[in-house]
Structure formats: structure tokens, C-alpha cells
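Asker: Residue-level listing of the chains:
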Amino acid sequence: MHNSRNPLARKNGLVIQENPDEVLVYDMNSNKAHCLNETSALVWRSCNGSNSVSDIVRELEANSGKPVTDDIVWLAIDQLNDNGLLEEGTTKRFAGQSRRDVIKKIGLASMVALPVVASLVAPSSVLAVGSCACTAPGNCATVPAGCTSMVNCNMGTCAP
Amino acid sequence: MNRFAFESYGVKVLIASDSPEIAAEVFEIAKRTLLGRLVPIGPESAEHFVTVKVIGDAVNLTVDDEDYGVADSLETLLKFVDARIRLLVGEFAVDRVFLHAGVVAIRGKAVLFPAESFHGKSTLVAELVRRGAEYMSDEYAVFDPEGMVHSYPRPISLRSRTDPADYRSYPIENFSAKVPAERLPVGAILFTQYRKSARWRPTSLTAGEAVIRMIPGALPIRVNPKLTLGVLNLAAQSAIIAQSLRGDALISSQKIIDFVDKSIFQATII
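Protein chains in written order, with the numbering used here: chain Z, 1 to 160; chain E, 1001 to 1270.
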């Protein structure tokens, strides 16, 4: 049973590709792609709704063979939460703090790699795959890259 | 309505116009822009629709549910249709993932330059081909489900050095280029962009980082995210991946060839 204090990884609406030291996730609800590094991937896999943060710390230590602090796991959980990869109801530990401040607090001397979730939004349509940049109206006819005009180059953008 | 219907890469398209001349011209454009890789089908089989209507002196284009409004000239509209048909097929292709990228082959390995339009990939590809690389595409890397790359050897579109607004297409024959007939494994994925006076100084990326950066240029990502993510990941797992700014293609192309040579081929010599 999912304890609202224990994080639970989201599975619905996600396309997942597991690599040995990274996990790729495409969220079909938000059309965002994420790349989880080894640390955040390990934390995400451990978020089964039953594991407490202390349990996840122990799993991370067992996997990495290195000491891990609660803060490292919480940093991963916060990032996963911010990117919609955890079920709702997960508490945020570092709410309102920047990643830089959090890392200063954790310290750069961490033995395991700091958790990273790199994210990018897929273009809203195939037409947006590319650039609407133009130097002349002729560019806009040739590459309809999400542009709102095929005939007008308005201050460097194909737009009315 | 005058109609032509075709299937290309599994995508079934109907072209229709109230003008027989325009319908025929759009069909010729489709044949050219898809490199002849289409077969006629019955109109009733079509799943996508490209419609050109004549409204007075102007012409209006719709593609499926999207109305692109009225073009200022038929020439403008036809140029737009050219690119739009490629995007349509690239987005819905069956068992293929189309990725915006320049692609060459060096000693049997595909080298990809994922990039948006107007980022210099055609210029770089042309220069690499002049230096002996085989030409695969200046626009799309076409992956199959096993992560192998197929050629899409359209004429190379280059910007005039004297007039940046002037783009022209040059037949591949102008470059004495060879085009691989078979599909190739990915040897390298290089993220690079032209910047004046920049030097080629590659730093490596992980496979996951490469996939994330390729996603915006992958045409079917929203339509078929499972295939797209899987195929890009497969391709990235076997490739050397790097990023770097680059200066003029005349100089950077040789540095890139040397980098690929050293990273892929010399690295495997025991």
C-alpha cells in the first residue's frame, strides 16, 4: 500500500528505456523526455511506495558500495517529483531552494554522483521540429518548421 | 476534384485539387521530394490528405486538419508543399524513425549530425563528401527498428556564400558522391553548430544525453514515442557521441574526419 510519505514511481503514460547506467523516460502526458543518471535512476527504481527514504538510502549504498546521505536521496526525489515522475502526494524536502543551494548543503564531496534528471520538451507538432528562423521570406516557403507564415519573414521569424 | 493517391514508407496520402494542373504538379513534387519512394494506391485507402484549392487568384493549402491559409503565389505554396509532404511522411512512417540530421558514411559507419534547419548541416555534409565521405542525407537520418540508418540522398541544399537568403539544390552528381545502397550501423553522433572562428574541440556525451538532444528533431516522437525512443537509444548505445562548436566547414570537416577515424577505427585496433 502506498504510504503518502513513501515515494512511488509513476508508471502510467510513460515510455521507459533502461540502460545500464541511465534511464530514459518519455512522458506521453506532458510530451517531455527525461534522462536519469545512475543515481536518480536507482532512486526512481526504489520508489515502490513501500520503501521509506531510509530504505532507499540503504539500497543506494548496497548498489554503489559507497556511503549515501538522506539529502542525496531527497534531492533525487525532489527532482523526480518536479518532473512528474512520482505519483502525487510525495513530500518535497527542498521546496523553495535552488539546486545550487541544495548542492552546497549536501557538499560536493559526495561519494556517489549527484542525482541528475535532464529534461526536454518535445515540439508541439512536427512543424515545430526545426527553426522558424529566416533571413528572407523565401526561407519560410522552403521549411515550414512550426511557422505561422509561409510567405512572410518578420524580424527573423516566419510569422505574419 | 482531381486526385492522386500514393503510399510512401507505409504512409497513405491523397493529393487533391480543383485544378488538374496543380494536382499533377503536387504529385510530381511528392515523387521528387520522396526520391521516387512511393507507389500509387486507390484513393479510398488514403489516411492523410493534402488539398489545394484555387480561390480567385490565390491558392489555399490544407494538410489533414491543418489549414495553412492562402499563399501569395503558387510557387510559394509548392515550395511549402514540398517540405510539408516530407514532414508528413517522416512523421507517420511505418517502422521508420526520421530524424533531422545530416548523415555521411565513413568506412561503412554512419556519422550523424543532428541539427535543426539553418544550422549549417548541409554545408558540413557537402564538405565531408568532397573529402571522400559517402553521402547519405543532408536532411534526415532514417532509422529502422534495429537502429540501422538508411540513406535519404536528396539533392544537397546549400546557401549561397554571397546571398544568405538564396538557397539552391545541387544534384548529388555534382559532388561525385557515392551513396551507400545498404543500411549502415551508427558509428558516431556529433552535435555541432557553426560559429565564426570556433575550433573543433569535442567533449563526450552519454547515450542518454544524446537521445534527449535528438528528441526535438525526431519527427515521430509524439505519434510513436515507443519506437522513437527505442530506436534512438539503440543507435546511441553503439556510437561515439560528442559535441563541439565548429568554424568554417572547409577547416572543420577534416578535423571531424580525423576525429571519427581516431575514435572509431583506430580505437578498435589492438
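By construction, these hints were calculated from the structure, which means they are not laboratory data.
Some hints could be false.
Cut-off 30 Å, straight-line C-alpha distance, at most; resulting in silico cross-link-like pairs (DSSO-like, lysine-lysine) [what the hints assert, rightly or not]:
id : chain 1 : residue 1 : chain 2 : residue 2
1  : Z       : K32       : E       : K1178
2  : Z       : K32       : E       : K1012
3  : Z       : K11       : E       : K1226
4  : E       : K1031     : E       : K1178
5  : E       : K1109     : E       : K1053
What follows is a set of in silico ranges between Cβ atoms, one per label pair, in the way DEER data are often shown [stated by the list, open to error]:
id : chain 1 : residue 1 : chain 2 : residue 2 : range
6  : E       : G1069     : Z       : E18       : 43 to 53 Å
7  : Z       : K105      : E       : R1201     : 42 to 52 Å
8  : E       : E1146     : Z       : M111      : 31 to 41 Å
9  : E       : S1197     : Z       : S50       : 54 to 64 Å
10 : Z       : S124      : E       : V1094     : 44 to 54 Å
11 : E       : K1031     : Z       : G13       : 32 to 42 Å
For every residue, glycine included, the Cβ atom is placed at its ideal position computed from N, Cα and C.
Asker: Take the hints in turn and mark each one as holding or not.
Answerer: Hint check:
For the hint linking Z:K32 to E:K1178, the alpha-carbon distance of about 38 Å lies beyond 30 Å, and the restraint is violated. Proximity of Z:K32 to E:K1012 is assessed by CA-CA distance (about 29 Å); at most 30 Å being required, the pair is judged to hold. Restraint check for Z:K11 and E:K1226: satisfied, since their Cα atoms lie roughly 14 Å apart, inside the 30 Å limit. Restraint check: the Cα-Cα separation between E:K1031 and E:K1178 comes to about 22 Å, which is no more than 30 Å; the hinted pair holds.
Our distance criterion of 30 Å between C-alpha atoms is broken by E:K1109 and E:K1053, whose separation comes to about 45 Å. Under the hint 43 to 53 Å, the C-beta atoms of E:G1069 and Z:E18, about 45 Å apart, fit the expected range. Evaluation of the 42 to 52 Å hint for Z:K105 and E:R1201 yields a failure: the beta carbon distance comes to about 34 Å. For the pair E:E1146 and Z:M111, the beta carbons lie near 39 Å from each other, so the given range of 31 to 41 Å is met.
Between E:S1197 and Z:S50 the beta carbons are some 57 Å apart, a value that agrees with the proposed interval 54 to 64 Å. A hinted range of 44 to 54 Å for the beta carbons of Z:S124 and E:V1094 is inconsistent with their spacing of about 23 Å. Under the hint 32 to 42 Å, the C-beta atoms of E:K1031 and Z:G13, about 39 Å apart, fit the expected range.
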